[in-house]
Amino acid sequence: MRVNFTVNGVEQTADDVWEGESLLYVLRERVGLPGSKNACEQGECGSCTVYLDGTPVCACLVAAGQAEGREVRTVEGLADGERLDPIQEAFVECGAVQCGFCTPGLLVQAHDLIERVPEPSDPEIREALAGNLCRCTGYEKILDAVRLAAARKAEAGR
Amino acid sequence: MRPFAYRRPADARAAVEAALDAPRAMYLGGGTNLVDLMRLGVAEPDLLVDVAGLPYDTIRETGDGGLEIGGAVRNSDLAAHPAVRRDRPMLAQALLSAASGQIRNAATVAGNLLQRTRCAYFQDVSKPCNKRIPGSGCPAIEGDHYNLAILGHSAHCVATHPSDMAVALTAFGAAVHVEGPGGRREIGMPGLHRLPGDRPEVDTVLDPGDLITGLTVRPLPFAARSRYRKVRERASFAFALVSVAAALDVEDGTVRDCRVALGGVAHAPWRAERLEEALRGRPATEGSYAEAADAELDLAEPLRDNAYKIPLARKVIVRTLAELGG
Ligand SMILES: Cc1cc2nc3c(=O)[nH]c(=O)nc-3n(C[C@H](O)[C@H](O)[C@H](O)COP(=O)(O)OP(=O)(O)OC[C@H]3O[C@@H](n4cnc5c(N)ncnc54)[C@H](O)[C@@H]3O)c2cc1C
Ligand code: SF4
Ligand code: FES
Ligand code: FES
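Sequences listed follow chains A and B, in order.
Heads up, the final residue of the first sequence is numbered 195 in my numbering, and it's a clean run with no missing numbers.
Heads up, the final residue of the second sequence is numbered 342 in my numbering, and it's a clean run with no missing numbers.
Any given hint could turn out to be false.
Claimed, not checked - Derived list of chain A stretches under chain B, where covered just means 3 residues or more per stretch with a C-beta under 8 Å from a C-beta of chain B:
#1 68 to 80
#2 83 to 89
#3 154 to 162
#4 180 to 191
Simulated from the structure, these hints should not be mistaken for laboratory data.
C-beta: ideal position from N, C-alpha, C; glycine also.
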């Protein structure tokens, strides 16, 4: 089947897609965007998190056909050209990245949190990131990064 | 995964007709359960009829204080709706206690109701399982049943229904709207999900081709004082060992009315009717809550490794009612 959808603002057509492919597979293997990671393929780890029509979902549990006509934004679409998004900068500054496998999913999920909740509390951050597993960092630096990005965003808005 | 066709009909009627076209057609909501089960080889549809984009995706407050909820409404949107947060906290809490933000953003109300059991044998196609292959046996009865049923199970299946939302909706006595090959009908909760009996392969009373288009939650003013409490192995992102949805109406220290449903204990969300009956008209004290809990839990028949659920359920019920009544 053919899937037409928008990815990071660009219209894309993927041909010869097999119905059983996931959106994650289509993004990585057909559209050439390997940022979203493939780990558990069952919704447990969040490393495949992408925006679908503006809300973060696990791309591994979206069937290819479900993406038809919809808008996807991946971790590759967070930065503005060479300029990193504030959440990406904060991850770098706080040392919230070790092996980096969980990072793309966490970035999209954290990006969504600080868009929706201007000054998230620690419990709100924890709950928002509960679907993103990280085996390396112990999460503390990830929390630091989200707090920093949220604080900067609040500062900029004042 | 077996090959299948994919279709996206424009309305409910067209969806029901499309589903009649293939012998093993299935509806697709958010896909968060079905796509997983297809990958595991547990579900093998020959046609997916995508109903997540159908127009029944709104939440409407009815004039009398009830709610009409479309079957395609996303779990996150239902949890965030002011009429749910304000007037029905147990429903909002049940939704938010389930899965993760990403899953709730994709999951639909209808798909949530019809998600399949998390029994490990059911999900493992190398194992026998009466629910997956009728007549193949139930290895859970002698094997790993630590988190399986204590109420209403049978010699053929001891699985539990995993949905948190369905427990709160069962406490409310929600009505499920169904559009099927034979027309429209309404099914009350409890009543949508069945007990396993000798046909554990059948989860619900729905017939092939039946499409859930929405729900009605009738007004229940005292549910503004309600709560969902879920006990699980991790504080977040895990299925319930035991959960309780409870609403309590207390006046002058006496329980006028109450609604209680249990999760994690049975093949269906479990409305605690005996408990409710034992509690109405009694003083709002921990003693009455404990007696009422026992009236319900006397029905329990634990398996070798899950008797812990009885005292756990008792404690969670008493604690939750005490918080609401105090
Ligand atoms: C990692 C993980 C953790 C989870 N944790 C929890 C938890 O703690 N608590 C909890 O309650 N849930 C939990 N879930 C389950 C989640 O809530 C369900 O997967 C979700 O609600 C299913 O909704 P869906 O729209 O994605 O359904 P789908 O996967 O699309 O469909 C599920 C079933 O419903 C049928 N169906 C869908 N729509 C209709 C319709 N309109 N009419 C008739 N049939 C229909 C499908 O054919 C399928 O059989 C978890 C899921 C994952 C992946
Ligand atoms: S408890 Fe039910 S689902 Fe689990 S193995 Fe037995 S028959 Fe299958
Ligand atoms: S790969 Fe999608 S949640 Fe783990
Ligand atoms: S940095 Fe390695 S999994 Fe998170």
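Those earlier numbered hints the structure runs against, lowest number first: 3 and 4
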